[in-house]
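Residue strings, one per chain:
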Amino acid sequence: MEPIMAVVIGVIYASAIYMMLRRSIVKLVIGLILISNAANLLIFTVAGMTRDAPPLIPMNGDPLGDVVADPLPQALVLTAIVIAFGVLSFAVVLIRRAYQIVRVDDLDQMKDTDT
Amino acid sequence: MSPEVALPILIPLTAGALSMAFWRSRMMQRLIGVAGTAALLATSLWLFASVQEQGHVIMNAGGWAAPFGITLVADHLSAIMVLLTGIIGFAVAVYSLPTIGRGHETFGYYPLLHLLLAGVAGAFLTGDIFNLYVWFEVMLLASFALLILGGERAQMEGAIKYVTLNLLSSVIFLSAIGLLYGLVGTLNMADIARRVALVEDNTLIDIVAVMFMISFGIKAAAFPLFFWLPAAYHTPPVAVSALFAGLLTKVGVYALFRVFTLIFNQSVDFTHEILLWGAALTMLTGVLGAAAQFEFRRILSFHIVSQIGYMLMGLALFTPLALVGGVFYILHHIIVKTNLFLISGIVYRLKGTHDLKKLGGVYKAWPLLGVLFLIPALSLAGVPPLSGFFAKFVLIRASIEAGEITITVIALLVGLLTLYSMTKIWAEVFWKKAPDEDSAAKRVAPVSQRHLWLMILPIVGLAACTVFIGLNGQLLYDVAEASAAQLLDPQGYIDAVLGEQP
Numbered sequence: 000m001e002p003i004m005a006v007v008i009g010v011i012y013a014s015a016i017y018m019m020l021r022r023s024i025v026k027l028v029i030g031l032i033l034i035s036n037a038a039n040l041l042i043f044t045v046a047g048m049t050r051d052a053p054p055l056i057p058m059n060g061d062p063l064g065d066v067v068a069d070p071l072p073q074a075l076v077l078t079a080i081v082i083a084f085g086v087l088s089f090a091v092v093l094i095r096r097a098y099q100i101v102r103v104d105d106l107d108q109m110k111d112t113d114t
Numbered sequence: 000m001s002p003e004v005a006l007p008i009l010i011p012l013t014a015g016a017l018s019m020a021f022w023r024s025r026m027m028q029r030l031i032g033v034a035g036t037a038a039l040l041a042t043s044l045w046l047f048a049s050v051q052e053q054g055h056v057i058m059n060a061g062g063w064a065a066p067f068g069i070t071l072v073a074d075h076l077s078a079i080m081v082l083l084t085g086i087i088g089f090a091v092a093v094y095s096l097p098t099i100g101r102g103h104e105t106f107g108y109y110p111l112l113h114l115l116l117a118g119v120a121g122a123f124l125t126g127d128i129f130n131l132y133v134w135f136e137v138m139l140l141a142s143f144a145l146l147i148l149g150g151e152r153a154q155m156e157g158a159i160k161y162v163t164l165n166l167l168s169s170v171i172f173l174s175a176i177g178l179l180y181g182l183v184g185t186l187n188m189a190d191i192a193r194r195v196a197l198v199e200d201n202t203l204i205d206i207v208a209v210m211f212m213i214s215f216g217i218k219a220a221a222f223p224l225f226f227w228l229p230a231a232y233h234t235p236p237v238a239v240s241a242l243f244a245g246l247l248t249k250v251g252v253y254a255l256f257r258v259f260t261l262i263f264n265q266s267v268d269f270t271h272e273i274l275l276w277g278a279a280l281t282m283l284t285g286v287l288g289a290a291a292q293f294e295f296r297r298i299l300s301f302h303i304v305s306q307i308g309y310m311l312m313g314l315a316l317f318t319p320l321a322l323v324g325g326v327f328y329i330l331h332h333i334i335v336k337t338n339l340f341l342i343s344g345i346v347y348r349l350k351g352t353h354d355l356k357k358l359g360g361v362y363k364a365w366p367l368l369g370v371l372f373l374i375p376a377l378s379l380a381g382v383p384p385l386s387g388f389f390a391k392f393v394l395i396r397a398s399i400e401a402g403e404i405t406i407t408v409i410a411l412l413v414g415l416l417t418l419y420s421m422t423k424i425w426a427e428v429f430w431k432k433a434p435d436e437d438s439a440a441k442r443v444a445p446v447s448q449r450h451l452w453l454m455i456l457p458i459v460g461l462a463a464c465t466v467f468i469g470l471n472g473q474l475l476y477d478v479a480e481a482s483a484a485q486l487l488d489p490q491g492y493i494d495a496v497l498g499e500q501p
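From first to last, the protein sequence lines are chains G and E. In terms of numbering that gives the first Met the number 0, the first sequence opens at residue 0 and continues consecutively. In terms of numbering that gives the first Met the number 0, the second sequence opens at residue 0 and continues consecutively.
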């Protein structure tokens with residue numbers, strides 16, 4: 000499973016970077032969405048994918064088995080998803096407002112503040 | 000229990016929530032703005048005092064023991080940074096009263112200000128690497144919103160670059176955390192530091208180290224990742240610019256200091272060599288960029304980049320003296336830089352423009368303002384006896400002792416060019432005759448005396464801090480030395496957080 004996930008994550012990172020390098024701000028945001036998902040998958044995969052029991056102590060108080068899934072990466076991914084959701088919704092609103100004010104969808108035209 | 004570690008985070012969060020509750024009352028929001036930041040300043044002093052006494056002040060959130068729960072750790076460096084956050088937060092809150100317009104206030108300027116301060120203080124105090132990421136995001140989200148309040152064209156364009164690069168940096172940071180967790184299986188920074196030494200494959204650690212370097216490098220605006228900063232920092236209201244200039248990039252610098260002394264200290268030849276060249280180029284590009292500018296805040300923005308180079312140089316040389324210099328430099332820089340931005344705000348309020356070519360004659364009309372500008376400006380350039388002189392002196396002495404002649408020469412040259420930029424501002428804004436009044440683009444509304452005093456008050460306070468640091472160099476040197484000693488002794492940090500290991 001890990002090799003497949005590694006390739007998938009690599010492809011998502013690559014396509015995200017491709018999208019971010021394009022000139023349109025809409026594609027820029029799509030790139031940001033993709034790259035944050037790639038990072039989440041990366042955490043999930045790197046921490047080790049175990050196909051076994053959930054890390055829950057049963058009601059009768061038996062000790063945990065030898066191999067259980069690590070709950071921490073799932074907590075991290077959950078946190079990261081929530082944060083990414085908030086930040087990306089801000090980014091979407093930002094490009095909408097920016098488009099309304101600047102009236103272009105081309106990063107090359109947004110050079111007023113560069114020089 | 001040591002509540003003083005959690006209070007610098009809780010107070011701004013509470014103040015922010017309170018000002019949300021008084022959404023309709025601008026008066027209450029202003030009151031909470033000043034009272035909340037004053038309380039933050041008071042607790043940061045308390046934290047500073049108790050860190051001086053105990054060395055490390057630690058609190059396990061929720062009572063979970065160290066490697067499992069989230070730990071809040073204050074050592075000397077954190078305490079210094081939190082104290083500076085308190086000072087800058089209070090100064091900016093007072094300065095905001097007369098300068099932030101009604102439109103900004105009704106759209107939640109004060110709640111965002113508090114949220115930003117909470118994020119910054121949280122990043123300085125946390126001892127958990129994932130928690131550091133969360134505080135970074137809290138801080139970033141607040142800064143995004145502050146940056147675009149007002150919605151002018153330049154703000155939008157600056158914000159797109161700022162948001163994109165900072166999000167990219169966060170994603171790299173998150174990926175690096177994931178990889179590091181895969182390698183060592185823990186998130187507590189002290190625990191990571193202990194276990195990184197046990198990982199056999201050093202190459203993997205180095206790769207993760209470079210990912211952290213890139214991510215924090217973007218946030219700290221180090222070469223070659225700095226260009227979002229001069230594109231964005233001159234667009235929002237001056238109070239916001241000043242807050243960003245003082246605190247945001249310094250959070251990145253703090254994270255670099257923390258991570259590259261505590262965790263990634265096993266292949267110094269590789270990582271710190273990259274940092275050293277990054278520092279040299281950051282200094283040079285920043286100061287050269289500033290030399291080409293003719294707009295007050297853009298010059299100052301490029302100087303932030305250049306000054307970041309000095310701080311990184313202290314970290315990159317990685318000798319005790321160099322770290323003292325680096326910490327001293329942060330200490331001096333945050334106060335001076337914020338102050339210069341605040342002064343640019345007063346000049347703008349009086350003259351209605353930031354363009355150096357259209358400004359002039361400020362010294363003749365307001366001599367006090369000229370003197371107040373000279374204190375931080377000369378300090379930034381490193382003229383004795385002001386604070387910048389000691390910071391630069393320590394750093395340059397450390398680089399000579401380390402035998403790095405190239406960086407010594409670059410640092411001295413950059414100091415000279417900084418002086419050039421500051422004299423350019425002095426000559427154009429304060430000294431030369433004002434251009435014809437007719438050509439002034441717009442008539443500026445007169446400023447009431449009360450407003451002017453509210454604007455000058457924080458500047459006087461910050462200038463007094465600069466002079467104080469300059470005249471009591473030894474006192475501050477001792478503080479910086481204590482924090483450098485702690486940074487060079489990761490075992491002390493590990494023992495303090497995890498308890499003595501057998």
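Think of the hints as simulated: they come from the structure by calculation, not from any bench. All residues carry an ideal CB built from backbone N, CA and C; glycine is no exception. Possibly wrong hints are sitting among the right ones.
Partial list, computed: chain G residues near chain E (C-beta under 8 angstroms) [stated by the list, open to error]:
(1) 25
(2) 29
(3) 31
(4) 42
(5) 46
(6) 48
(7) 72
(8) 75
(9) 85
(10) 90
(11) 91
(12) 103
(13) 111
(request) Have a go at the residue 46 of chain G hint: is there a Cβ in chain E nearer than 8 angstroms to its own Cβ? (result) holds (6 angstroms)
(request) Could you check if residue 72 of chain G really has its C-beta closer than 8 angstroms to a C-beta on chain E? (result) holds (7 angstroms)
(message) Would the hint on residue 42 of chain G be counted as holding, given a Cβ-Cβ threshold of 8 angstroms to chain E?
(response) Holds - the Cβ of residue 42 of chain G comes within 8 angstroms of chain E, reaching about 4 angstroms at its closest.
(request) Against chain E, run the beta carbon of residue 91 of chain G and see if the smallest gap drops under 8 angstroms. (result) violated (11 angstroms)
(request) Tell me if residue 90 of chain G is really an interface residue toward chain E, meaning its C-beta lies closer than 8 angstroms to one of theirs. (result) holds (6 angstroms)
(message) Is the interface hint satisfied for residue 48 of chain G? The criterion is a beta-carbon contact with chain E at less than 8 angstroms.
(response) violated (11 angstroms)
(message) Tell me if the interface restraint on residue 75 of chain G is satisfied: Cβ within less than 8 angstroms of some Cβ in chain E.
(response) With a closest approach of 6 angstroms, the residue 75 of chain G hint holds.
(request) Identify whether the interface hint at residue 111 of chain G stands, where standing means a beta carbon of chain E within less than 8 angstroms of its own. (result) Given a least distance of 5 angstroms, the restraint on residue 111 of chain G holds.
(message) Quick check on residue 85 of chain G please, does its C-beta sit within 8 angstroms of some C-beta on chain E?
(response) holds (6 angstroms)
(message) Would the hint on residue 31 of chain G be counted as holding, given a Cβ-Cβ threshold of 8 angstroms to chain E?
(response) holds (5 angstroms)
(message) Let's test the interface hint: is any C-beta of chain E closer than 8 angstroms to that of residue 103 of chain G?
(response) violated (10 angstroms)
(request) Against chain E, run the beta carbon of residue 25 of chain G and see if the smallest gap drops under 8 angstroms. (result) violated (12 angstroms)
Consistency with the previously given hints fails for numbers 1, 2, 6, 11, 12, ordered from lowest to highest.
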